[in-house]
Amino acid sequence: MQHGKYRFIAGFLVLPLAIYAIFVISPFVQAIYYSFTDWTGLSSDMRMVGFDNYTRLFKDSVFWASVGNSVTLLLLLPVVTLSLGLFFAFMLNVGGRRRKKAVIGGVRGSGTYKILYFFPQVLSIPIVALLFQFAYNPESGALNAFFNAIGLGGVQPDWLGDPQLALWCIMGAMIWANVGFYVVLFSAGMSSIPKDFYEAALLDGANRFNTFFRITLPLLWDTVQTGWIYMGILALDVSAFAFVQIMSVGPGGPDYSTEVLPLYVYQKTFRDGQAGYATSIGVSLLIVTLIFSAIVMRLGRRERLEF
Amino acid sequence: MGSTSDFSRRDLIKRAAALGIVTVPAMSALSACASSGDGGGEKVEKGEKSAKNPLAVNDSAALDVVIFDGGFGDKYAKDAQAEYVAAFPKTKGKVKLTSTQKIQSTLQPRFNGGNPPDLVDNSGAEQMDFGTLVSKNQLADLTPLLDAPSMDDPSKKVRDTLRPGVVEMGQFGGKETWIMYYAYTVYGVWYSKTNLKKVADAEYPETWDEMLAVCEKAKKKGVAGWTYPGKYPYYLPFSLYPFIAKIGGAEVLRKIDNLEPNAWKDPAVKAAFDAYYELYKKGYVLKGSPGLDHLQSQKAWAEGKALFIPNGSWVENESAQQIGKNPDFQLSVGAPSSLSGSDKMPFGTIWASGGEPYIVPRQAKNVPGGMEMLRIMLSKKSSQNFIKQVSSLTSLNGGTEGLKLPPGLDSAQQALQKAGQNIVNPRIQDWYVALQKEKIGVGALGEMMAGRMTPDEAINKIQKYADETREDSSVKKYKR
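Protein chains in written order, with the UniProt record's numbering: chain A, 1 to 307; chain B, 1 to 480.
By construction, these hints were calculated from the structure, which means they are not laboratory data.
Heads up, a few of these hints could be off.
In silico DSS-like cross-links for lysine-lysine, where the CA-CA straight-line distance does not exceed 30 Å [to be verified]: (1) A:K59 / B:K281; (2) B:K219 / B:K281; (3) B:K46 / B:K437; (4) B:K156 / A:K59; (5) B:K476 / B:K92; (6) B:K380 / B:K175; (7) B:K102 / B:K49; (8) B:K476 / B:K287; (9) B:K75 / B:K270; (10) B:K287 / A:K59; (11) B:K175 / B:K219; (12) B:K270 / B:K92; (13) B:K156 / B:K477; (14) B:K381 / A:K59; (15) B:K94 / B:K479; (16) B:K75 / A:K59; (17) B:K46 / B:K96; (18) B:K94 / B:K255; (19) B:K49 / A:K59; (20) A:K59 / B:K217; (21) A:K59 / B:K380; (22) B:K94 / A:K59; (23) B:K90 / B:K175; (24) B:K221 / B:K198; (25) B:K198 / B:K175; (26) B:K464 / B:K75; (27) B:K92 / B:K255.
None of the values given here were measured: they were computed from a predicted structure.
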């Protein structure tokens, strides 16, 4: 029955594939084409310049700074966000004290927590970024006021104004904004794990630590992997751009300590009128993204557990 | 289906989805504004030239104006729009005026697609790069406007009614004038006379030693001497560059503008940097300034937490609310203090230049209409309206007669008079935006004033940035 299988599938996919080709593939090809031109973005007058843009990339220290920052975000953001998400979801669904009838349950008041955790998800990114910007304000912000209040008035960091801290500050805001979603996502995943697994484990005397690593995590692996990819894209793309653009000094500073690839693309296109060069940065962003997804899929390959 | 295939259905879908998700956002944004060729651009017919209509505006054609909605708002432009409609009644309902803070992201696709608006106030953080616009032939030459008779006195050309230097600022090395700067901005050290009196019992310090003494007094009372928007450290040059010119002569700034080798190694630059660095070292800068944006720093300053702030004359309008809370604030602008007796330029040397750059795109449908709107805006009536509304001067020379000016603007006017010929106008600000704002501003000046870089390190770094810009073939160069 294998005969004609691909043709059969393709038959159904013609329309979606066509749409995909027009709206997804063709912009790619165009962007790659533009990366070989000196297009300004302000006029349709352009000429081919070969690999000039790419050789320029290699010498551009700002580009390398932004690659560094983007990769840092890419490596840390998913790990921290997903770990926190998993931890909270576990506590809300499984980690609670055993009560009379239920085999497993969340900590007291987990319903309320769930809503609280999800709350940041309702706010739009610029609002979250602005809120955190106010909190980080060294002159009148909540954080330094807090240090003052607990008698640490001498510790008054510049937060976003300090190149050592700025990227971490922004990362903090991004994590805060995203954890809630994963708490809910993982909660949904956990609730579909059969209760008797836990029952059996608990009868055998397993503690929370064991139930988490032996039951919850393996059965949740697919969800985690999906979350990982989403989070990685967020770290490389829209979210990073918005947070850095709104919150950081400059933006992108101080001293390029928060410059990220999408922001650099934006600045080159919309400030410096160098859209051609910007597309070549975009192409390198594409390459980073592809490498990331390839690694994630390879690492995530595991025996599928059916239940 | 069988099951011997080498991939499962789930895998296929998952991979396709993952790849799609991964790559779509990364790339599609880039070609969203892919060039669509010079289509559009059907020009409207010219109208009849007459004494009342010297630019031959088509009196029934639509007009499309885009205004930057920043420190000055857009009311003044709307009033000018009403004047335009009054002059050409048949255009009623066809004159479209939009205001936005996102000039470039709104207009770039339109420029690229060949259907730009007829008049644009290309200002703000998202300013389109003038060098690129000029070199790509996207702007209309404003010479017809400059040579047209002025609204108020038909015997005078518009050109002759403007403040000195305004026309030159709109040129890029050739004869054509591409940009009409509408506002006239005075940059310098802004302070409150009353606050200065109250805190340090002093007048504006005319020498640097006095400046340090004032700051010392203020410090003892728990008030900082200076603050600045650390998030946008390119505000520092507003008082720093004229300071450099004052110490070493206007020649130093000219060399800097021309990106000459070692221009930044001039002893005047070092002296000025050292002086500002001293403010930081002695603790005269408001704590936390490196993390403040322009509004936050202006707020702290208006509330009396700091005495001085480097800024431009728009600050009176932008901070009007906070300043208004203190009725006898007495906003004033000071020129850079003298560093020593051997300064090349006298006290009073100040940076003043055109602001709010207006352009008429070459491919606009109604080029004469765009210019006519500018001619109306440069009339005494519209000019005074602007002055009253946003307390800033316009490029129209004079025009302030019979107006009661708000304190800040009044002091700016006086500062201009005192400066006389000693007005400097560093062009690096509009010629090399990325170099000025991000590299020099955020990359070096901000770092120095936050105490993370010494003046020498900052100078070396800036010189390196300037050299890189000079070598960078993708940046168009200018000379003055």
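The hints, checked one at a time:
no. : hint            : verdict
1   : A:K59 / B:K281  : 35 Å, violated
2   : B:K219 / B:K281 : 13 Å, holds
3   : B:K46 / B:K437  : 41 Å, violated
4   : B:K156 / A:K59  : 54 Å, violated
5   : B:K476 / B:K92  : 41 Å, violated
6   : B:K380 / B:K175 : 27 Å, holds
7   : B:K102 / B:K49  : 36 Å, violated
8   : B:K476 / B:K287 : 39 Å, violated
9   : B:K75 / B:K270  : 43 Å, violated
10  : B:K287 / A:K59  : 37 Å, violated
11  : B:K175 / B:K219 : 52 Å, violated
12  : B:K270 / B:K92  : 58 Å, violated
13  : B:K156 / B:K477 : 34 Å, violated
14  : B:K381 / A:K59  : 53 Å, violated
15  : B:K94 / B:K479  : 41 Å, violated
16  : B:K75 / A:K59   : 46 Å, violated
17  : B:K46 / B:K96   : 19 Å, holds
18  : B:K94 / B:K255  : 48 Å, violated
19  : B:K49 / A:K59   : 55 Å, violated
20  : A:K59 / B:K217  : 49 Å, violated
21  : A:K59 / B:K380  : 52 Å, violated
22  : B:K94 / A:K59   : 50 Å, violated
23  : B:K90 / B:K175  : 35 Å, violated
24  : B:K221 / B:K198 : 10 Å, holds
25  : B:K198 / B:K175 : 52 Å, violated
26  : B:K464 / B:K75  : 43 Å, violated
27  : B:K92 / B:K255  : 50 Å, violated
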